[in-house]
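Asks: Next come the chains, spelled out residue by residue.
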Amino acid sequence: MDEKTLDDVISRYDSPSGRLLGILGEIQNREGYVPRDALEMLSAKLDVRLSQLYGLVTFYSFFSLKPVGDHVITVCMGTACHVRGAVEVLAALEQLLGIEDEATQDGKFSVTTEDNRFTLEIARCFGACSMAPVVEIDGNLYGYVTPETLPGILGNYGWRES
Amino acid sequence: MTGAAEADLPAREAAGLRKLKPDRPRIAVGLATCGAAMGGDRVYRRFQEIIGAGGDDIMLTKTGCIGYCREEPQVNITIPGRPLVILHRVDADDVEEIVTAVRAGEVPYEMALCRVPSWDHVTGTTVEYGGGFDRIPLYQDVRFFSHQKKVVLRNAGFINPEDIDEYIAVGGYAAAKTALTEMEPDAVVAEVERSGLRGRGGAGFPTGLKWRITRKAPGDEKYIICNADEGDPGAYMNRNEMESDPHMLIEGMIIGAYAIGAREGLIYLRAEYPLAIRRLELAIAQARTCGLLGERIFGTGFDFEIRIVTGAGAFVCGESTALIASIEGRTGRPHPRPPRLTDIGGGLWKKPTDLNNVETWCNVPVIIQNGGDWYARIGTEKNTGTKVFSLVGKVDRVGLVEVPLGTSLNTIVFDIGNGGSQGKKVKAVQTGGPSGGCIPVRLFDTPVDYENLNRVGSIMGSGGIVVMDEETNMVDIARYFVNFATGESCGKCVPCREGLKHTLLLLNKIMAGKGTEKDLDTLGLLADTIQKTSLCGLGQLAPNPVLTTLAYFREEYGALVKK
Amino acid sequence: MTHEEIGLSGTPKKSVTIVIDGRKCRADEGEIVLSAALREGAAIPHLCYEASLDPYGACRLCMVEVCHNGKTSMVTACTLHATEGLEIRTDTPEIVKYRNVLFELYLAEAPKSDVIKEMAARYGVTRTRFLKKIDTDDPLGGSCVLCGLCVRVCNEIMGAGAIGFVNRGPYTVVGTPFFEANTDCIGCGACANVCPTHAIRIEDRDGERVMHSWGGGRVRLAQCGVCGKYYAPGALTAATLARLLPPLRDDLAGLCPACRAKRIADEEIRVNMRGGADHHVRPRRS
Ligand SMILES: Cc1cc2nc3c(=O)[nH]c(=O)nc-3n(C[C@H](O)[C@H](O)[C@H](O)COP(=O)(O)O)c2cc1C
Ligand code: SF4
Ligand code: FES
Ligand code: FES
Numbered sequence: 001m002d003e004k005t006l007d008d009v010i011s012r013y014d015s016p017s018g019r020l021l022g023i024l025g026e027i028q029n030r031e032g033y034v035p036r037d038a039l040e041m042l043s044a045k046l047d048v049r050l051s052q053l054y055g056l057v058t059f060y061s062f063f064s065l066k067p068v069g070d071h072v073i074t075v076c077m078g079t080a081c082h083v084r085g086a087v088e089v090l091a092a093l094e095q096l097l098g099i100e101d102e103a104t105q106d107g108k109f110s111v112t113t114e115d116n117r118f119t120l121e122i123a124r125c126f127g128a129c130s131m132a133p134v135v136e137i138d139g140n141l142y143g144y145v146t147p148e149t150l151p152g153i154l155g156n157y158g159w160r161e162s
Numbered sequence: 001m002t003g004a005a006e007a008d009l010p011a012r013e014a015a016g017l018r019k020l021k022p023d024r025p026r027i028a029v030g031l032a033t034c035g036a037a038m039g040g041d042r043v044y045r046r047f048q049e050i051i052g053a054g055g056d057d058i059m060l061t062k063t064g065c066i067g068y069c070r071e072e073p074q075v076n077i078t079i080p081g082r083p084l085v086i087l088h089r090v091d092a093d094d095v096e097e098i099v100t101a102v103r104a105g106e107v108p109y110e111m112a113l114c115r116v117p118s119w120d121h122v123t124g125t126t127v128e129y130g131g132g133f134d135r136i137p138l139y140q141d142v143r144f145f146s147h148q149k150k151v152v153l154r155n156a157g158f159i160n161p162e163d164i165d166e167y168i169a170v171g172g173y174a175a176a177k178t179a180l181t182e183m184e185p186d187a188v189v190a191e192v193e194r195s196g197l198r199g200r201g202g203a204g205f206p207t208g209l210k211w212r213i214t215r216k217a218p219g220d221e222k223y224i225i226c227n228a229d230e231g232d233p234g235a236y237m238n239r240n241e242m243e244s245d246p247h248m249l250i251e252g253m254i255i256g257a258y259a260i261g262a263r264e265g266l267i268y269l270r271a272e273y274p275l276a277i278r279r280l281e282l283a284i285a286q287a288r289t290c291g292l293l294g295e296r297i298f299g300t301g302f303d304f305e306i307r308i309v310t311g312a313g314a315f316v317c318g319e320s321t322a323l324i325a326s327i328e329g330r331t332g333r334p335h336p337r338p339p340r341l342t343d344i345g346g347g348l349w350k351k352p353t354d355l356n357n358v359e360t361w362c363n364v365p366v367i368i369q370n371g372g373d374w375y376a377r378i379g380t381e382k383n384t385g386t387k388v389f390s391l392v393g394k395v396d397r398v399g400l401v402e403v404p405l406g407t408s409l410n411t412i413v414f415d416i417g418n419g420g421s422q423g424k425k426v427k428a429v430q431t432g433g434p435s436g437g438c439i440p441v442r443l444f445d446t447p448v449d450y451e452n453l454n455r456v457g458s459i460m461g462s463g464g465i466v467v468m469d470e471e472t473n474m475v476d477i478a479r480y481f482v483n484f485a486t487g488e489s490c491g492k493c494v495p496c497r498e499g500l501k502h503t504l505l506l507l508n509k510i511m512a513g514k515g516t517e518k519d520l521d522t523l524g525l526l527a528d529t530i531q532k533t534s535l536c537g538l539g540q541l542a543p544n545p546v547l548t549t550l551a552y553f554r555e556e557y558g559a560l561v562k563k
Numbered sequence: 001m002t003h004e005e006i007g008l009s010g011t012p013k014k015s016v017t018i019v020i021d022g023r024k025c026r027a028d029e030g031e032i033v034l035s036a037a038l039r040e041g042a043a044i045p046h047l048c049y050e051a052s053l054d055p056y057g058a059c060r061l062c063m064v065e066v067c068h069n070g071k072t073s074m075v076t077a078c079t080l081h082a083t084e085g086l087e088i089r090t091d092t093p094e095i096v097k098y099r100n101v102l103f104e105l106y107l108a109e110a111p112k113s114d115v116i117k118e119m120a121a122r123y124g125v126t127r128t129r130f131l132k133k134i135d136t137d138d139p140l141g142g143s144c145v146l147c148g149l150c151v152r153v154c155n156e157i158m159g160a161g162a163i164g165f166v167n168r169g170p171y172t173v174v175g176t177p178f179f180e181a182n183t184d185c186i187g188c189g190a191c192a193n194v195c196p197t198h199a200i201r202i203e204d205r206d207g208e209r210v211m212h213s214w215g216g217g218r219v220r221l222a223q224c225g226v227c228g229k230y231y232a233p234g235a236l237t238a239a240t241l242a243r244l245l246p247p248l249r250d251d252l253a254g255l256c257p258a259c260r261a262k263r264i265a266d267e268e269i270r271v272n273m274r275g276g277a278d279h280h281v282r283p284r285r286s
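Residue numbers (this note's numbering), protein chains in the order written: chain S, 1 to 162; chain B, 1 to 563; chain P, 1 to 286.
Keep in mind that the hints were calculated from the coordinates and are not lab data. Being a predicted model, the structure only gives us computed values, none of them experimental. Quick reminder that beta carbons are idealized off the backbone N, C-alpha and C, glycines included. Be aware that a few hints might be false.
[Said to hold, decoys possible] To spell it out: a stretch of chain S is covered by chain B in this simulated footprint if at least three of its residues, at any positions, have a beta carbon under 8 Å from a beta carbon of chain B; those stretches are: (1) 14–22; (2) 34–42; (3) 80–90; (4) 119–128; (5) 147–154.
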């Protein structure tokens, strides 16, 4: 993220309330993650300790310090989705994308395929519980997902059976 | 000059009515998150194509969600002089047929869910649509609707949430005007006290009392905050309230700010709700244009602004002290109370602060408009008013249900929800999310209110009701919630941070068939310790799913452990 | 509680009577009950309390039972303020039961900490039912209990903000950003001093202070201009000296505490013989 864009983002926050999370959220949305140099620039510009920013980014699950793939697939692991088969959906996605369940160091679940095309993540609830189980891809919600319907959905994002 | 345009409500009301009941057919597509994702977006685009090609003889617009989410996507048809007809499970391929029928003054009967000859928007406005279409069932005869009482959701699915005129047309902002121009702040607080309204965010604290405490707190700088973090997974009523009727929330906050003496309000909204954020931003901008926010509202000396703050994915930030920390740019780690938010030194930027849930705020306009006594007659003596529940999981009719407090679980799950999905037997419900408990079907005559849910080991929470059927393993459900709470623990205090982790390890062991009777004892002791010694509500309540499943479904644990 | 409140203005604090395990004691009104109880010799375990910091209430070991209008409840003594007639018990069966489970959790979380082992043993807990956390390359040597004292001292007292909490829930650890050396660290070592489990490793060698637990950061130590010893981090002494007025600052700059004391004594004697003192020390802003 270049300095001008960051200045732009910062300038939109005229109140201290919600400022840091707002700015970090915009960085996350634009870049797909929070790059280290953006954090360091932000620390200098706002005179906020880097340790505070690092604490925020690692505390809130919305932020990621790792770059993501071209498409981000998020499986809802909320209660309604859980009782309606979210676990099977997640397992099917891991299998289709060839992702192994990795042990995490920081408690965040985010795995990217080797070709960098897809990142698989989990979420708490999209508030679309009526159509559980729910999967979100690049901001689009899909309801009543089953392992059988997944290949068709992924096909819209350039996935091909290998 | 600043000169806020004084709100010209009558003109907007007239304009809004012309939009709700135009002199030509109106087609409104249900475009809340669920409707849009179920294909409503495609349906809307298809309508645009087809109607656009034929001229402007039909008004196409958007509406929110009426709550019957299983039947999405829904489309409302209003033909002048005829009842409003709700079509359900509409597909983009049906659109051509619908438009053809509407142009002929008809509706496609086989797609119709129900008809609404007139709709009471509760605050004094009843919109009369018309008669006819007698073959289509009446709204009140649809089983999903017949047991409900719409107060908070009175406009949801009828008005266009992106148009302030339509909100004003159905009585919107009249309560704010009454409060600001005719009532003293203390009288507003007293009216809310008289209504008996209790906080809809979970704990049920009397709202009027909280307002009074904040009003009385020293200092002339105060904040009000709307808790729109809606963290309980499986609960989405706040999302719909914001997406389908954002102005109701704004109006409630204006009234509250006036009563409490705050000039700035914040809405702490979770990042997972992008549509709610967009609609509220739009609604705030519209309210500002109309002079309903900003300086000298209604020509009085009262100034008020609302700002949206987005969360970043942390369940614990629904907790009041963590929420404040989060808005101030810190990690959401709760701190011991006192000081409370309402105390000087305890609130946002150390100023006295009133925090209320979305639905709490949404209840305010109707209380001011119809009176606290009117409101207090709904529900039961200590639990007045209605509550919106999200009825989800393995239930036949999933959706948002609004009923008077004190309604039994039987009514909600069986009469409204029609029991288990695919004819399966219902075993239990889970209320209150990760902080709540599992209630077995034999206790379904429990009236749903704050005290009775506590009595059976659960809590109201924000209103999620997740139904479990005979195929659901209750130990797995307990493990699910403990896993959730472990991942969402802030990590500050040891019982929650470490205790939940070891609870999870034990439950994993039991689920794998490697547990022993002794592990069950340890599980109970750990749950008890976490409940009694944790710093904040997250830890104190997180053992509830374990404790209730141990109490009501011990045999399922027993079947898994080695003898 | 700040110093202003404790009667620097001259008003003495009101004294109240509180009852600890049936014994009547005096305390200042509003005083933290844990502090009063410890002064009275009560055996209340605690890990996260520090008088100079705001109440934090994280370790949960200091839970006591409070009797109020015949009803009892459990609260942390470090967040409880003394009021007239307040009655607490520190060793009810309930307290003991829960405290023991907490000790077991600590034994599992910080299995390498002798301090925790000894403390738990003093209250009769010598083993844990729970799986011990094993992390062979933990820079805090398997001894951190996340009491937060180091983080709070670094941020709230020193104002350095070099370390903080990273991650959340059971993944929480204390560290520097990216677990690397942090230039915000002034090497004051307050973190290591305040750590109840001695988990933080700091070493002075070859004119540098090495922050082993904080990404191996290095801070140059100042060398005494008189005796030649390395005595304190350069950044820290610079910060301290900045609070002094020029003549004294110039006199004392570059001296280790021992040589500094000697220099001040010499100066005192000289001034007294001359009969009058210059005010070298800038008065504290109140
Ligand atoms: C862990 C935790 C999570 C919470 N999450 C929410 C939430 O998502 N929404 C909410 O309104 N209240 C939540 N609460 C309750 C709030 O702390 C607070 O009591 C409430 O917002 C007050 O509003 P009310 O009086 O209108 O209910 C949560 C509490 C705890 C302890
Ligand atoms: S109970 Fe859990 S969430 Fe609450 S302060 Fe303790 S660790 Fe944090
Ligand atoms: S539980 Fe999955 S969307 Fe709510
Ligand atoms: S000393 Fe009271 S909670 Fe740690």
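Asks: Flag every earlier hint the structure violates by its number, smallest first.
Replies: When the structure is compared with the hints, numbers 2, 5 turn out to be violated.
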